[in-house]
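Colleague: Sequence:
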Amino acid sequence: MRIRSTDMTAPPDLTLSKGTGPAANQRPVYQDYMPPCNNACPAGENIQGWLALVHDGKYEQAWDLLMENNPMPAVHGRVCYHPCESGCNRDQVDGAVSIHQVERFLGDMAIEQGWMPTFTTRKTGKRVLVIGAGPSGLSAAYHLARLGHTVEIREAGSVAGGMMHFGIPAYRLPRNILKAEIARIEKMGVKITLNYKVEDLQREKDEGAFDAVFVAVGAHISKKVEIPAKEAGRILDAVTFLHEVSEGNQPLIGRRVAIYGGGNTAMDAARTAKRLGAEETLIIYRRDMEHMPAHKFEAEEAMEEGVKINWLRTIHEFEDDQIKVEKMALDDDGRPQPTGEFETLSADALILALGQNIDSKLMQHIPAIDFSKDGTVQVDPNMMTGSPGIFAGGDMVPSQRTVTIATGHGKKAALNIHAFISGQTPLTKNKAKIVDLEELNIWYYANASQSQQPTVPAEERNKSFDEVLGGLSEQEVQYEASRCYSCGNCFECDGCYGACPEHAIIKLGSGRFYQIDYSRCTGCGACTTQCPTAAIHMTEKA
Numbered sequence: 416m417r418i419r420s421t422d423m424t425a426p427p428d429l430t431l432s433k434g435t436g437p438a439a440n441q442r443p444v445y446q447d448y449m450p451p452c453n454n455a456c457p458a459g460e461n462i463q464g465w466l467a468l469v470h471d472g473k474y475e476q477a478w479d480l481l482m483e484n485n486p487m488p489a490v491h492g493r494v495c496y497h498p499c500e501s502g503c504n505r506d507q508v509d510g511a512v513s514i515h516q517v518e519r520f521l522g523d524m525a526i527e528q529g530w531m532p533t534f535t536t537r538k539t540g541k542r543v544l545v546i547g548a549g550p551s552g553l554s555a556a557y558h559l560a561r562l563g564h565t566v567e568i569r570e571a572g573s574v575a576g577g578m579m580h581f582g583i584p585a586y587r588l589p590r591n592i593l594k595a596e597i598a599r600i601e602k603m604g605v606k607i608t609l610n611y612k613v614e615d616l617q618r619e620k621d622e623g624a625f626d627a628v629f630v631a632v633g634a635h636i637s638k639k640v641e642i643p644a645k646e647a648g649r650i651l652d653a654v655t656f657l658h659e660v661s662e663g664n665q666p667l668i669g670r671r672v673a674i675y676g677g678g679n680t681a682m683d684a685a686r687t688a689k690r691l692g693a694e695e696t697l698i699i700y701r702r703d704m705e706h707m708p709a710h711k712f713e714a715e716e717a718m719e720e721g722v723k724i725n726w727l728r729t730i731h732e733f734e735d736d737q738i739k740v741e742k743m744a745l746d747d748d749g750r751p752q753p754t755g756e757f758e759t760l761s762a763d764a765l766i767l768a769l770g771q772n773i774d775s776k777l778m779q780h781i782p783a784i785d786f787s788k789d790g791t792v793q794v795d796p797n798m799m800t801g802s803p804g805i806f807a808g809g810d811m812v813p814s815q816r817t818v819t820i821a822t823g824h825g826k827k828a829a830l831n832i833h834a835f836i837s838g839q840t841p842l843t844k845n846k847a848k849i850v851d852l853e854e855l856n857i858w859y860y861a862n863a864s865q866s867q868q869p870t871v872p873a874e875e876r877n878k879s880f881d882e883v884l885g886g887l888s889e890q891e892v893q894y895e896a897s898r899c900y901s902c903g904n905c906f907e908c909d910g911c912y913g914a915c916p917e918h919a920i921i922k923l924g925s926g927r928f929y930q931i932d933y934s935r936c937t938g939c940g941a942c943t944t945q946c947p948t949a950a951i952h953m954t955e956k957a
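According to the numbering used here, the sequence shown holds residues 416 to 957 in order.
One should not assume that every hint holds.
[Said to hold, decoys possible] Per label pair, the in silico range of CB-to-CB distance:
(1) GLY623 to LEU745: 20 to 26 Å
(2) ALA834 to ILE642: 23 to 29 Å
(3) GLU734 to GLY755: 16 to 22 Å
(4) PRO708 to ASN862: 32 to 38 Å
(5) PHE534 to ASN862: 36 to 42 Å
(6) GLY790 to THR729: 41 to 47 Å
(7) GLY692 to LEU745: 53 to 59 Å
(8) ASN845 to GLY804: 23 to 29 Å
These are calculated hints, taken from the structure and not from any lab test.
Using N, Cα and C, we set each Cβ at its ideal position, and we do this for glycine too.
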């Protein structure tokens with residue numbers, strides 16, 4: 416049972432404006448709707464479903480349901496920006512359910528206990544090539560393997576994981592966690608070949624006799640900017656800098672380090688520089704905090720660790736150990752405009768974090784494939800390029816660049832690749848209605864604020880690359896699962912059964928829910944008004 420109010424004596428007025436009695440023109444119908452958390456998840460997880468299983472203590476079943484859509488829950492529980500929680504109806508009341516923390520708990524438990532996903536399929540004899548072992552490529556390979564296909568991944572890097580390994584610092588994503596979830600995918604039969612850069616995609620497809628290809632090369636090429644420099648200190652790009660650190664190297668950055676940019680990569684670079692011993696670390700960004708591309712909590716965590724952020728500044732030149740910056744002012748549209756005022760900042764090294772581009776050379780000579788101005792690949796709604804059998808996703812296509820969006824692309828591509836090589840029509844789903852807070856009867860639930868995720872004190876963080884954020888205990892995870900409103904989905908609270916004055920609601924037994932005896936139902940609507948989740952709806956009689 417979800418956390419609910421102990422005061423059940425004063426339910427809402429049950430009177431309906433359309434009247435009651437045998438002549439009523441409406442009748443109740445059980446119909447599950449879409450919870451906003453599920454709808455907001457880029458990976459398409461059935462969040463509400465696995466939260467309910469966690470609530471019942473069925474952890475492995477919950478993980479197995481989660482794994483139907485997302486192959487790396489321990490990773491996502493750490494690095495996903497959890498849009499599901501922004502969509503959670505409870506966020507408008509006393510704080511969203513801490514979904515990412517429950518996901519992390521399940522992911523870590525699965526690693527500790529060696530769980531493997533359960534699925535039944537037959538080998539199809541079809542072969543699929545995946546280019547890139549980042550989140551999108553790994554996701555596609557995982558889902559294709561579940562569908563019975565033989566999958567091979569070609570990865571140019573020395574380690575699988577893509578930008579999860581080379582771009583996300585270990586204090587956010589411990590490497591043992593990432594390796595464990597990749598190893599599980601390999602154990603399912605996916606072959607990963609490292610240090611293998613594909614130069615000619617069509618030749619690779621033909622020579623390997625692959626039935627389809629999914630291209631998921633990450634955005635590893637840093638965007639450039641012209642900065643006048645005379646005898647300048649070291650200038651590095653953030654992607655290379657983070658890559659070097661992830662390989663165990665320690666780039667020479669000096670005592671004072673400046674980072675140019677306002678995205679999450681800039682925050683990671685600044686916090687990494689601190690951990691490498693920089694005494695002064697500052698970020699230079701041309702807009703303000705409200706307009707930065709980084710998530711607010713990323714900037715707040717960086718500042719907690721001693722990173723200084725110089726808002727509304729743009730670099731004019733870098734000479735010796737001096738950076739000349741121009742002050743900016745935002746216009747009415749929030750765009751930065753030069754003011755003609757300058758100031759000088761000191762830095763031994765400058766790290767450029769201005770975004771990344773993809774390397775699409777392996778596809779450039781295939782005439783049927785079209786590209787956008789920024790080099791990304793044009794795909795149809797099924798994620799297939801203009802060349803039949805060649806699909807693309809993740810950083811390769813126009814979209815936001817996050818681990819979870821890339822993972823969702825991999826799953827979607829896998830399903831469409833399966834349809835393509837099986838001679839089937841791609842599946843299309845009609846989304847169910849999404850339940851709003853106003854449709855719920857939240858008087859049923861007690862107030863219960865969100866659990867606080869344990870965090871290493873700011874003064875301790877810069878001493879190592881150990882993980883900064885901790886996990887919730889089993890008791891806290893159970894508590895978070897109990898906070899779920901179960902929006903749009905029945906969880907057998909018996910409210911309808913107890914409210915019906917005509918005894919028209921029939922209990923079918925645990926897990927089988929209810930049935931309505933319409934020969935007794937008068938259409939009074941008492942059941943719908945008592946339902947806390949909006950899983951019963953009054954509909955027009957046929």
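Colleague: Okay, which hints does this one fail, numbers in order?
Modeller: 1, 2, 6, 7
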